[in-house]
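Given these sequences and hints, build the entire structure.
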Amino acid sequence: MEYNVEELKKALIEKCKKESIIYALVAINRHTKEIILPNSLQDALNNPNYYVCTCRKVEEKYQIEEEK
5 MEYNVEELKK ALIEKCKKES IIYALVAINR HTKEIILPNS LQDALNNPNY
55 YVCTCRKVEE KYQIEEEK
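In the numbering used here, each residue's number is its place in the sequence shown (first place is 1) plus 4.
It cannot be assumed that every hint is accurate.
As the list claims (entries may be wrong) - The calculated BS3-like cross-link candidates involving lysine-lysine, where the alpha carbons are at most 30 Å apart (straight line), are:
#1 Lys-22 - Lys-72
#2 Lys-65 - Lys-37
#3 Lys-21 - Lys-37
#4 Lys-65 - Lys-19
#5 Lys-65 - Lys-13
#6 Lys-21 - Lys-72
#7 Lys-61 - Lys-37
#8 Lys-72 - Lys-37
#9 Lys-37 - Lys-14
#10 Lys-13 - Lys-37
#11 Lys-65 - Lys-22
#12 Lys-61 - Lys-72
#13 Lys-72 - Lys-19
#14 Lys-19 - Lys-61
#15 Lys-13 - Lys-61
#16 Lys-21 - Lys-65
#17 Lys-22 - Lys-37
#18 Lys-22 - Lys-61
#19 Lys-19 - Lys-37
#20 Lys-61 - Lys-14
#21 Lys-13 - Lys-72
#22 Lys-61 - Lys-21
#23 Lys-72 - Lys-14
#24 Lys-14 - Lys-65
Source of the hints: derived by calculation from the structure; they are not laboratory data. Please read these numbers as outputs of a predicted model, since none were measured by experiment.
The following block contains the structure:
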C-alpha cells in the first residue's frame, strides 16, 4: 500500500513532536512510512519509493517542505 503525501507528513510531524526534534531532513518510505536519515540525499531524491522533505518547528507548529 502506498501512502499519500499528507499521511507521510503527519507521520513525520508526530515523530518530531514525540522526540522533540526541531529540524530534520529525512526520507520517508512511501510504502511503509519508515522514516530514515538518507546516506545520500541524491540517491533518496532519485528513488521514487521515498518522499524526501525537511521538517522544522516554527514557534509551536511544524512546517514540512518537500526537497526536489
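Verification of the hints:
1. Lys-22 - Lys-72: Holds, because 27 Å separates the two Cα atoms, which is no more than 30 Å.
2. Lys-65 - Lys-37: holds, 21 Å
3. Lys-21 - Lys-37: holds, 16 Å
4. Lys-65 - Lys-19: holds, 13 Å
5. Lys-65 - Lys-13: Holds. Lys-65 to Lys-13 sits at ~13 Å (cutoff 30 Å).
6. Lys-21 - Lys-72: Roughly 24 Å between the alpha carbons, so the hint for Lys-21 and Lys-72 holds.
7. Lys-61 - Lys-37: holds, 20 Å
8. Lys-72 - Lys-37: holds, 19 Å
9. Lys-37 - Lys-14: Given that 30 Å is the threshold and the Cα spacing comes to 10 Å, the pair holds.
10. Lys-13 - Lys-37: Measuring from Cα to Cα gives roughly 10 Å; hence the hint holds.
11. Lys-65 - Lys-22: It holds: about 13 Å lies between the C-alpha atoms, which stays within 30 Å.
12. Lys-61 - Lys-72: Holds. Lys-61 to Lys-72 sits at ~20 Å (cutoff 30 Å).
13. Lys-72 - Lys-19: holds, 22 Å
14. Lys-19 - Lys-61: holds, 12 Å
15. Lys-13 - Lys-61: Since the Cα atoms of Lys-13 and Lys-61 sit roughly 13 Å apart, the hinted pair holds (cutoff 30 Å).
16. Lys-21 - Lys-65: holds, 10 Å
17. Lys-22 - Lys-37: Holds: Lys-22 and Lys-37 sit about 16 Å apart, inside 30 Å.
18. Lys-22 - Lys-61: holds, 13 Å
19. Lys-19 - Lys-37: Holds, at roughly 11 Å.
20. Lys-61 - Lys-14: Roughly 14 Å between the alpha carbons, so the hint for Lys-61 and Lys-14 holds.
21. Lys-13 - Lys-72: Since the Cα atoms of Lys-13 and Lys-72 sit roughly 16 Å apart, the hinted pair holds (cutoff 30 Å).
22. Lys-61 - Lys-21: holds, 9 Å
23. Lys-72 - Lys-14: holds, 19 Å
24. Lys-14 - Lys-65: Distance of about 12 Å is within 30 Å: holds.
Every hint, counting from the list given before, is met by this structure.
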